[in-house]
Every structure is written in structure tokens, then in C-alpha cells.
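Line order of the protein sequences matches chains A, B, C and D.
Using this note's numbering, you'd call the opening residue of the first sequence number 1 and step up by one each time.
Using this note's numbering, you'd call the opening residue of the second sequence number 132 and step up by one each time.
Using this note's numbering, you'd call the opening residue of the third sequence number 263 and step up by one each time.
Using this note's numbering, you'd call the opening residue of the fourth sequence number 344 and step up by one each time.
Just so you know, these hints were derived from the structure itself, not from any lab.
Be aware that one or more of the hints could be misleading.
Claimed, not checked - Covered stretches of chain C (chain B as the covering partner; in silico rule of three or more C-beta atoms under 8 Å from a C-beta of chain B): (1) 267-279; (2) 301-310; (3) 315-322.
We put the CB at the ideal spot given by N, CA and C, even for glycine.
Each chain, written out:
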Amino acid sequence: MRTTDAIKVRITDGPLPDAPARNADGECGAWVVFEGVVRRDEGGRAISALRYTAYEPMATNQLAELAGSILNTHGLVRVEVEHSRGQVPVGACSFRLSIGSAHRKEALAAMDEFIDRMKQDVPIWKEPVWA
Amino acid sequence: MRTTDAIKVRITDGPLPDAPARNADGECGAWVVFEGVVRRDEGGRAISALRYTAYEPMATNQLAELAGSILNTHGLVRVEVEHSRGQVPVGACSFRLSIGSAHRKEALAAMDEFIDRMKQDVPIWKEPVWA
Amino acid sequence: MRISVKLFGAEALAAGAAEAVIDLDMPATCAELRKAMRAQAPALAASLDWARFAVNGRYASDDEPIGPGDELALIGLVSGG
Amino acid sequence: MRISVKLFGAEALAAGAAEAVIDLDMPATCAELRKAMRAQAPALAASLDWARFAVNGRYASDDEPIGPGDELALIGLVSGG
């Protein structure tokens, strides 16, 4: 786990637990949370789970660097990233990005950019576990 | 509360409770959740809470109509809306929009459009409770 | 007859009341209601240039008919979220 | 000397292994590593046209020097999220 006041990054074994309680100090007027959930099919074929591999510590470092870059570019208050490694069953959450910001527009733009860049640069891979 | 399989709308007295558990059937690959949180100042002046008034049942009906329109336009799987009425203290959540969708892009676009249209058309008002 | 028009937000503040009581011959249209309110509720003049009416909980255009028993509301800028 | 390059995802599948073992004179550059892998790991030929190297956990350009003890990885298409 990599943490500053504004940034949290955590890679967890297996499905992510429910969203952690968030700081309620009234600084963020908007929280936008993205959750990636394992869908029951992959290319039309049923799966029972996805299995994630992360190249550590590079994956955590890249996520933290990306979080910092997005925080500064979009003027956000908080960027929190959680990603699974290992096996995550259908219906469970494997990725959560939580962005706290004064207002909504910058949080939505930041979320889109974060996920695009993560899917380019962060060394994490998934493979299907067929049903 | 107005509910179909795909749409839920609920206006709640006071702060919203934590996000309800979501259906984990693996149909939605992406959940995007927006939470509006009461900030500690309004126009630079400290507040202790916001007080919301909803014109009912019009507010619930408008939210449900908007949810249905957004669901269809963006091809979403789920649209769930919660809004407070009455008093909501600083740091607490007064509005939550949860969008479940196969993929991310349409969920983010839908969220932005929903909130813009809500702020135009849904008869809910807020006033500051000064600290 | 006397009808009541619900007010909220800035309009309720401007009028100092949660409703405006207006004399209007029924049946009428929203346009006629708007005109009557301009004359009888001067505190709402600024809003009446652009605010929408809701009739029985739905937004109504100015040519929409209204009659006795309809629930009427003047909806100015909303501020949910 | 013999060096090991970590493989993941499609590259690990193509090579049938979680690393490629390559003979390369050190010190060298990532470009020289890429050339040596093309010759010695033909199963990775397609990826070697564009995949990036990471040196000690950071993406490295082709002119970056590498030496004994550096941790090397070939990073193809990632698929997190």
C-alpha cells in the first residue's frame, strides 16, 4: 500500500472488500467511484472467475505515479485506487477507483483519463477461468 | 420509492445511508457511482448543514423519468438514484447516482448527462444552515 | 375564483410564503395564470419571465389548460444534487 | 552472460514460460537486448516489434543501459481493470 494524504494505492489478494469508509471532513463535494466487476462471460463464453497477475512492485508504483499525475492535472482532492490480484469470481469487484473533488466535472474527466492510462501502462494482466 | 428491474429511485429523510449492496449477477462489468457530499462552506461562508426540499411526488416521478430516458439512450443495465430531503450535515451524502453498465464509457457519459438534466428539471431545492 | 400556486426556493423566499393565492377565472391557461400572477404577485415578477409551471406534478407549456382542482406550482431554478 | 527477462500475459503464454533466458554481453542497452531476444526467442518475435522493456520496475527506452543485477521484464499489452 502506498499512501499520502491525498493518494492511496492498494493491491489486494482476491476480490476487493466493500468500499472503505471515506473521510467525511466536508472538503470533497463530489466523490466519483468506478468499480470494475467480473462479468459472467468473456467473448461470449461463460467464465467462473478472472485471475489477475501483477508485476510488483512496479504495478503499485505505476498506479501511485498515475494517481499523482491525475490528482495534479485535474486539481483533485483525493485519488484512491484498489486492484485485485489472484482469482476474482464472477460478480465480485476487482478494481475500484475513488476520486474526491470539489466538483463533479473534473472528477469524471479524471476518472476516464486514469482508466485509459492504467490500461496502457500498469503491468497487471488478467486471464479467464472458464466455467 | 419507484422501482423496476433496471431503475430504482428513492427520496430519503436526512443523510443517505451507505451504498446498498448491489446485485452481483455478473451482468454489469462497470459500476460508476457519484456521491454528492455536503461541503463545509457555501460561497466562502461556513455552514453546518444543507436543508433540502422536494416537491413530491413530482420530484420522484421526474427522477424516474430521467433515469428511464438515460437508461435507454445510453444502453445501460441499471440506474439507481437516491436523494435526501430535510437536513444533511457537512460531510454527509445527500445524493447518490449508481449506474451499472457493460462498459465504462457509456456509464461516465450517462452520469454527466443525468446530473446536468437533474439540475435543470427535478424540483428539489437546497438552502444553507449557517454554522 | 381563488387558486393557490405552490412556491419553492427563491420564489418562496421572494414571496415570503410557500404559496401564492391568485384570483383567476377558471378554466384558464398557464399563460393566463402567468399574467394574473404578474399583476397580483409583484414580488415574483422577475421569476415570472422564465419560470415554469407544473400542473398536477408535470411541467406544463403556457397553452396548457387548467381548471378547478388542478395542483399548480411555479418552478424556478432548482438546486438538487 | 545469461540473463533472465520476466514475461507476463500473452508473452508468457507464447514462450510457455514466466521468463526468457538470453545470452547477452553486459553492459548492453535495451536495443541490444531486443535484438538478442529476436534471435534467441523466436516465439516472442511479434511482441518484440513493439513491447516495452522495464528495467528495475520502470519503463525504459531502447537506448537505456542495462547491466548485471538489473531486473528486466518485457511488458506487452496489459489488461488490468
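Discussion item. Check the structure against each numbered hint from earlier and tell me which ones fail, lowest number first.
Written reply: Failing hint: just 2.
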